[in-house]
Structures are given as structure tokens and as C-alpha cells.
Amino acid sequence: MRRQNYFNNRKIRRQAKKVICIATLTATMLTSIPFVSYTDAYAKGQTTLEEMKALSIPTEDATTYNLSDASLITDKTIVDYFGRETMVKVIEINITENGNYKITGSNEINGALIDTHIVVAEGVEANIIFDGATIKNDDRYGDDVDGCGSVLYSQLFPILDIEGKANLYVEKDSSLTSAAVDNNPVICVTGEMTQQEGTGSLKLAVGSGEGVYSQEQVICGYKNGKWGNVTIKGGKLDFTGSIYNVDQFTMTGGTITSKVDEDQVIMANDINISGGVWKHKQGGDSMPSEIIGAYDSITISGGSLNLLRGKEAGSSCRAFGGDKVRIIGGTIQRDESIYIQDALDAYANKLDDSFTLENLPENANVKAINGVPAAGLTTTPEGKLENIPLPDACNIIELEKNGNIYQYKYAAKYVADTKSMVPDTETKVYDVTLKFTNEDGSTTEKTVKLADGFKIQGQYFDGVDFYECLDANDTVVTDTNPFTISESNKEVTLKKKAAVITVDGKEIEGNVVPEGSIYGILPDGGEKWTQCADLAYPGDVMKEDTRLVTIPSQKREGKWFVELGSTDEVWWVKNQIRNNSSLNVVLVDDLDFKNEEAKSLFSEYFSFYYGIFDGDGHVIKNMECTELYVLPERNYGVIKNVHFNNIRIQQPRSNTTRSGIICGNNYGTIENCSVESSVIEMLGEVQVGGPNKELCEGLNVYGALTGANFGTIRRCFASGVTFSGDGVSYPIAQDFSKSKLENVYYQAEVESGEIAKSATQFASGEVCSLLNRGVTDGSQYWYQNIDNDAEKDAVPVPDRSHGTVYSGYQGCTKAYSNTELSDTPSHEVKYTAENNVLTGVCKADPSHTVTMTLTAEDAEYDGKEHKAVLNKTYSDMWKEAETDVDAKIIYTRDGKPATDLTSTGTIKASVTMGGAVIEVMYTIKAAPTPTPTATPMASPSAAPSATPTVSPSVVPSAGPTATPAGTNPGIVPSADPSEGNKSTATPAPSDKSVIAPGETKAPAAAKAPETAGTKIASKKGDTYKVTDTSGKIPEVELTKSAAKKKAKTVVIPKTVKVDGVNYKVTAIAEKAFAGNKKLKTVVIGADIEKIGAKAFYKCVNLKKVTIQTTKLKAKTVGTKAFAKIHKKAVVKVPKAKKKAYKKWLKKRGIGGKQKITGE
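Taken in order, the sequence shown gives residues 143 to 1301; the numbers are from my numbering.
Think of the hints as simulated: they come from the structure by calculation, not from any bench. All C-beta atoms in this analysis are idealised placements derived from N, C-alpha and C, irrespective of residue type, glycine included. It is possible that some hints are incorrect.
Distance condition first, Cα-Cα at most 25 Å in a straight line; then the derived DSS-like pairs of lysine-lysine [claimed, not checked]:
| id | residue 1 | residue 2 |
| --- | --- | --- |
| 1 | K492 | K543 |
| 2 | K1266 | K1280 |
| 3 | K1199 | K1149 |
What follows is a set of in silico ranges between Cβ atoms, one per label pair, in the way DEER data are often shown [what the hints assert, rightly or not]:
| id | residue 1 | residue 2 | range |
| --- | --- | --- | --- |
| 4 | K1297 | F878 | 35 to 43 Å |
| 5 | N977 | A1278 | 31 to 39 Å |
| 6 | V821 | S900 | 17 to 25 Å |
| 7 | S943 | N1243 | 50 to 58 Å |
| 8 | N977 | D1042 | 54 to 62 Å |
| 9 | G1057 | S900 | 52 to 60 Å |
| 10 | A614 | P656 | 19 to 27 Å |
| 11 | S943 | K701 | 54 to 62 Å |
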């Protein structure tokens, strides 16, 4: 049979807070107010009853999901245990808001079943109305292999996942059937499920077929360390299977019809039944140990239970199983093979049977049995009370109508070998006074009818609280000294029993487990914490006397952890994890097994872990492990900060699960872990035949960290791990498409790909820096001595006393050191010039080269700047260094420095680098003067003569024979040298702007900005560097604030005006404010596009940073820009950019207790 995957433990072991208060469910017991459900109430006819139920269904504004609607279908990729990916069609309904939701239709679409998953999110309360819905899931995937090589399957998901609160209503009959797999529920409850009244029935079943074994869990109340509660208030629930691992199960009304073959119909921490009807049929050839089981308590105070066998009884079993079973009301019908044992009534008398009482008035309401209120209990038309649990005593039945009483005595004393109750008229009946003493000392009296000889065994239970019994002499009544009703014994004091709780031998006030530790519950005779099987957590309520002992434990990040500090304690922790797979464990010392054989720290085979295992930097070492892994077979939780050294795993087989030093398979998270100098050796392989042979052979896999990774591994490494034997080995883990490896490395002979690093790279500090993702502000996990005065480390270590590893540059070479390095490379370059090309070669590394080409073009005056262009080309190696050569273009006119790149004239641009010079000349020419257009004259009345009256002696040519230098010809004279045709030469252009004919004179030009690279200062004394003058508004970078050493608040301005020119501030230079110990507040304006490295580095009092700009990117913010500012600094960023900014801010120095908020 397949292993049990779900948590199986007593209530006291859980940490979850209880949500349902039993007191609210059974508080009517003392007041004799009967609980009335729709199924019991009002003889008003079936029609009225159905109308009342319909009115109770909250259909207003309901969101309807018709499962027949194909638009609900989405694709989902499933990766099975063997790493095979399958694309399936599913319907996923995620309920994330409070409200009413109606589910209708069938998930069979076009002849195919579409697996359906309905999720009620945590914190959400949803009313779910099933209106004739038919849901049947059938997809499954290979989830495991048993020892014989048979594939074990799981369904994709439960049909209904209740993480929040779900009220279920059934308007029309509906059915939910899960896939044909074992141990997979139809409904999973880790929140609260309540079935309310309705007009239809909800049917739950597990699909039949291959892969389904005996445990058919239709409702499961535990997953990943969380418990759920199930309440039945009304309606009809019909299921085949069991309700398993629920925290609190409560039934106050409604009808349950159930059937299960070989297991309990329910297993919960606490079960409370006060109303309703439960009809159960136990099938199968064998019987479980009990039909209704509880890890802690079962209380039955009303309702009707019918526990029957579906087949002829071959064996017998208990009706109820648990340490504390109380039956103080209700009826229990059962077959002879189902017996009652170790149950107690309200007076702590043993109940070993249920009986039928005859000769009572027909259809009479029963008021009380032995003084205990009997809500909703009525005699049959034949005058019988059937299936009533009663003690071996004279029992008093008191009727409601006239107060008549009827006496019945246990007949086994009088009739041999029979068990029955017969009428009794001889035993005296007394009015017995019960004096209830409250906590404040006040008393409440109640008179009940009890027979002579009736016993009170020491504790009275009213369904909510326990009461200590005192006789007339204030003597405490016990089971060895019971209070017996008689003529002289008719008054008993019931004092609410306060549980006596001791911690380490000292009594505490109240019954709530105190803060400060996890505590163990000492068994009888036990004195040591290692003798405790059950644990109690701060805030747990102890209902009974309890001896607690402090368990070595601590609270970390709001969660409680059991401490493990010795190999002698491993067995105890292993047992605790076996009981609670979500137990958190922290190492407080190294575990040295001294090269002796040892089993896994977790349960041997098939161990699933959902908790947090925190090594806190400690090492598990020198271990001859006889299992396939040191920790669990499957990790669904978190394993972190634990290191393994000199581990040897030797197994004769590895065909049913993978092997790894840490775990077999990781579905959760492994972080900040390392494995060193370890061996995994497979001596052979158990042969598996049949159709699954190839699949099983594919599991003969072992990895240094884990056999296979389906989850996330981050910031881990492996060094010196060797493998031998059959199978496939992986230096980290077998990996699949949906899994993640983040900053994970292993030591190899040579560097290869992203994760294989050489021994030199490990020793140099490179791997340490990669593991820390470059973080050096003290929040990093890994450290390493590489060039300080301490002994060198070959690999990173989690020891803060070792050196912090800084990455940076030594010259132009990437380097790692225990002292801070430059963030940018520096090159010592030799330059040569040829024509307009400069070539620079790094003296330290000739592969680092830069080529600069200076070009400029002649231009025509247009009122704009005309600059030369310097193009830089870097070698590939230089490009990787991510630095730029700071080369400046110098402009001159007539040998003098010039900044005017607008006016006409000749300009020389030059660049000088290390004595090598390149230069170019270019000219800004004056705009040509437009040719005037002749104005036509009016035509004369008579045509003019073709020749002039007087002819000149010399006819002028069409134009001058030569154009004077520096002149521009005007209008060409005509052949007629008349006064109106005389031409005037245009004077030579000057450096001043030329006004074209017909234009008005332009106003004086605005002062030109300084050229790029020029440093300027504002009136306040702030220093800026001009970075760009090509746009409408020139741009500058703030390089130094005048208020650097004295201002507490600095606002980076949007613009700054220098010498009459407005500049836009778009950048903050490298180290602009570094080391300013007085700066407390800074506002970074909306136009900032770049922040240099270490801009605010070591501004130790900078507590408030407001970033208004949305233009920043990770690549435009330098390293350590905000490193080592105030430890509790708050960085406010634009709300729309919070997610993006948060990523790079953490890489630029923001972390620890510092906060990033959006506004």
C-alpha cells in the first residue's frame, strides 16, 4: 500500500490557532435550550421546509461559472517525478474576493473531461453555490515508484482548495469526483469549510480504477503545515471515502451519508457532534481500529449516529477512538460488531453500550437523561427510545410535557449474558442539587433527577468545561472515591476545573502556554525533555492538568524552531519530524559523526519535509550515511545555511528515488548551503523488470546537492564531490525546465559555462563574490580570506570573522580582495596619431585597445552649433571592462580657444591624448544672399524704340571681368548703362551675422552654452559638468554640492542657470556626496537619468531618500550608489516603479532593515 503523505499527529503538536470555539457550539447544554436545525424543526410540511432552505441560499449578485464554457480552459504544464513534461487542459477558478459564486454545468467538454480546480484564496470568504454541477477530474501524473517498480500516481490538484473561508450551498444535486489515484482528496481544507442549508445534495467520491487503494480521502484538512476546520450546519453531504486530518470537525445539523471500505470515516484532532443525522456504512472485508477517530477528543452531545456494516461482520471494531471520548447526548445506532469502549458520560461514568428503552409514551419529547438536557430527542410512535448510550446504573428519563420520569436499570445483573435496560420501579429517585461555582466565586444551582446509587466519578463535563466535584465536606471526588447519590448525599458542588499547568516543575497562572520556548508535554513518570513525544507552543490552551518542560528552542523571524546541537539528540528530532513534517529545526552546533555509520536525520525512506531546516552556518560532517540522503527524501520546505563536509553515502541500490548529499529531490528551496569533500557511491542496482524498467533506471541518479531539482537552489556550491558506481551523476543536481538555479557553482578542473568554476576562481574570491551577488554591506552570507593577514580560505565560508570579498579592478584587470577596490577599471594607455585617428593600446594588457576617429563637416550658417564628432571603438576585452576613455575635443579660431560653434568662420577641432594629437579643420559659411526678383513695369502706350537715341562709344560686357576677392556679385548690369540699371558690388562678408535682403534684423543671439566636458559653477557654488548641448536645453551632471559638508537636506534641482544659460540637471556624478556624515534627507528630481557609483556612499546619517524620477534603470545607477547609508533608511520611489526600482536598489546597497516604499 502506498505510503501516507499527510500529517498524522495529536492536536497538541500543531501550531495553528484554533478558529472554531467549541463553547459557542455547545453552550446551550446547561440552559436546556434545544438546538433546532431545518431537518428537525417545525412540523410545517415539506414544501415550507424547502422554501426556507431556498431562501437561505445567498444568490444575490453571484458570479456564475458554467463549466461547460470552453473559454474557461487554459493550458498547464506538468512535470512528473521522472522529469517528463505534459501539457494538459484545465479549468482554474481562483476566488480572490469576498462574494457569492455559483458553479454550474459539467467539465466534460466535447467528450473530454477538463480537470477543474477551484481555489478560495487565504483571507477570502466566499459563498459557493453548487447548482447542478458535475465535476469529474481524470488527469494524473507519475509521482513516485514503489519498491517493486510500480508507478504511483497523483492527481493534478483537488477539485476544491479552501485556503480561506468557504460556505458551501447546494441548490441542485451536484457531484465532485477526483481522479483515480490514491491519497488525493476531492476537497483540501487549510482554512474553514462550512456546509450550509440547501435544497440539493453534494456528492463526493474518489475515482475508481488502477492506483486507488484503501485510503480514499474525500476531504483532507492538512497541507504544508496548515490545518483546516470542517463544519456541517445543514444540507446533505454524501461521500464515499473518509474525512482525514482535520483540525476541528463540528456537526450541528444537516445530514451526512457516508461509506468507506477499510479506514476510519473520519480522523480529526477534535470532533464535536451536537446535532444532525449521520448515516455511515462500513464496507470492506476488514475493519479499522475505530470508525470515528480523534487525535485528541470526541464529544457527542446530540444528533443521531447510525454506524452499520455493509458486509457480514468478519471482525469487530470500536465506534470511537481517542484518549478522551465523551457522550452526553444524542443517539447511536450500531451493528453488533461495532462497539463502544472507553467512552464517558457527563459524570465520567463508563459507557460501554447503547440501549433501546421501551414502554414510554409515544412521540414524546425527552427533556433530560440523568439530568443532562436531551435536545431534539423524541420517542418513536411505538413508545421507544432507540440506541441511547447509558451507564451501568439506574437511569432516569424525564419527559418534556408533564415532567414524568421513567427509570431503567441495567439488566445484566439480573439476566445472565444479556445487555439490556428494563423498567425499574423500586429504586428511589432524588432531587439532587448541583451547585456550579464560577471563577469569581459566585454560584448557580440546578436541580436534577438522579437515582439512588448513581455515581459521579470525579469530573463533570457539560460539553464545554470540566468541573471538579466536591462533596458536602468539600472533599474532592475521584474515580476511586466517587460521589454516590443517596438520601444523605443529594448535594454536590461543581467547581469549574482550572487546569493545573506546571513549567519545569513550577505551576503557572492560567492554562495558556507561556511565551519563551517550545515546551514538551511530559508523560506520566517522565522528567526529561527527550521523553516528550508531544509539543506545546506559546498560546496553546491546555484543557487538562499538564506538566510542561522546556524544549531547547528559539524564535527566528516570527517562527519557532527546535534546536539540534548534538548527534545524541538526532533520534529525538527525527521522531518529532516523523510526527510533524512541518517542524522547524535549527542547528546550534556542528554535528560530527566521527566517521561512524548513521541514518538520515529525517525518517528513513519516503520522508516529505515542509518545514524550515536552518543550519545557521553549522556543519554536518564525518558521516557514513546509510541512506540515500542526509536530510529528507523530498524537500517541499526550506533547507538553508547548512554545510556538509566529508559525507560518504554508500547504497546498494538507487532505483526508486534519486540520491543527493542534502536530499533526494528538491521541490522547495535550498539556499546558502555547501557540500565539500564528499562521496556518493552506488555499489549496484536492483533490477526492476516489466514495463517501468526504463523509468526506474532513469531514477538511478545522484547529485552533489540533491538528486533532482524541481524547485529552487540559490547561492550554494559544491567542491570536491566524487561519484562512483552505476547511474548518472550531476555536479549540482539533475535539473528540469521549470526548476531554478540561482548563483550556484561547483568546482571543476577548468571553467565551463556559468556554473563550473576552477579551483583558482574559488580561491581568488570570485565565487564568493558571485554567491553574494556583489553585496558587501554586511548583509551578505559568504566570506573568505584571500589577501588579508589571516590564513587563506580555498573556498567561501559562512563565518563573519573572515574577510568580506570586494570585487572591482586593479588597473584594468578584474580582481577580488578583502579591501575595497575601484568600481571602474583604469588603463595606462600609449597613444599614437595618424591623420585624424588616435590609437590607444593598454600597456598592461595589449588586448585592451581603443581607436578614436575625429571628423567634422563644413556647414552653412543656420544659427545652430556645429561640433566635431569623436567616434570611439573599443576592443572586446575593453568593452567587458565597462569604462569609457575621457577624451575632450578642443576648439580654436585663429589659434585661440573658442566656444562659439555657431558663427561663420573656420574652426579647428583637436584631441590630445598622451602627447599624440589629431585635428581637423572645418568652416561655417555665410548663407548666400538671395537674388532679388525684378518688378515688371507697366506696358507703354507705344512700343519703345529698339535702339537708344544715343549710343555709347563702348558697349559694356555682361558682367565684370573679375570678381574682387571677398565680394559677392550683385545684379548683373544690362547692356543699357542707364541710371536704373547700375549695379553695386556686395561688400565682403564679415564675422557678424548677415541680414538677408528683405529680412528684419534678428534680436541678439542668446549666449551659447559651454561645450560638453566643461565644468561650470552655479551662484550657490555647486559644481556641474556639461554633458550634452545638442538639445534645446543643454544638460549637466552635478559633480559636487557646495553644501556637501554642512547641509542636512539637499534637493537636486531640475535646472540650474549659469552665465545666463539654463541647464537641465540629468545626472549625479560618481561620489558626489560620498562620506557626507551630516546629510539626512535628499530629494532626487524628476529629470535625473543617471546616478554615479558611490554617489551617496557612507552617508551614514542619510535616513530619507525621495526619488521622483522615473527614468532610472539598473545600468544607469552605479555600484554602491546607496551603500552604507543609515541602517533604517527609507527610500521612497514612484509607485509605478517600485517593483523595478526595488530590484536594482538592493544591488546598489539598500537592504537589511532599510525600506523601499512606493508613493
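Cross-check of the supplied hints:
Simply put, K492 and K543 have alpha-carbon atoms about 30 Å apart, too far for the 25 Å limit, and the pair is violated. Proposed proximity of K1266 and K1280 is supported: the alpha carbons are some 21 Å apart, at most 25 Å. The suggested pairing of K1199 with K1149 holds, with an alpha-carbon distance near 12 Å, which does not exceed 25 Å. With their beta carbons about 36 Å apart, K1297 and F878 fall inside the hinted range of 35 to 43 Å.
At roughly 51 Å, the beta carbons of N977 and A1278 sit outside the given window of 31 to 39 Å. Taking the beta carbon of each, V821 and S900 are about 21 Å apart, inside 17 to 25 Å as hinted. Between S943 and N1243 the CB atoms are about 28 Å apart, so this pair departs from the stated range of 50 to 58 Å. Between N977 and D1042 the CB atoms are about 26 Å apart, so this pair departs from the stated range of 54 to 62 Å.
Checking the proposed 52 to 60 Å range against G1057 and S900 shows it is violated: the Cβ atoms sit about 41 Å from each other. A hinted range of 19 to 27 Å is violated for the C-beta pair A614 and P656, which are about 37 Å apart. Evaluation of the 54 to 62 Å hint for S943 and K701 yields a failure: the beta carbon distance comes to about 27 Å.
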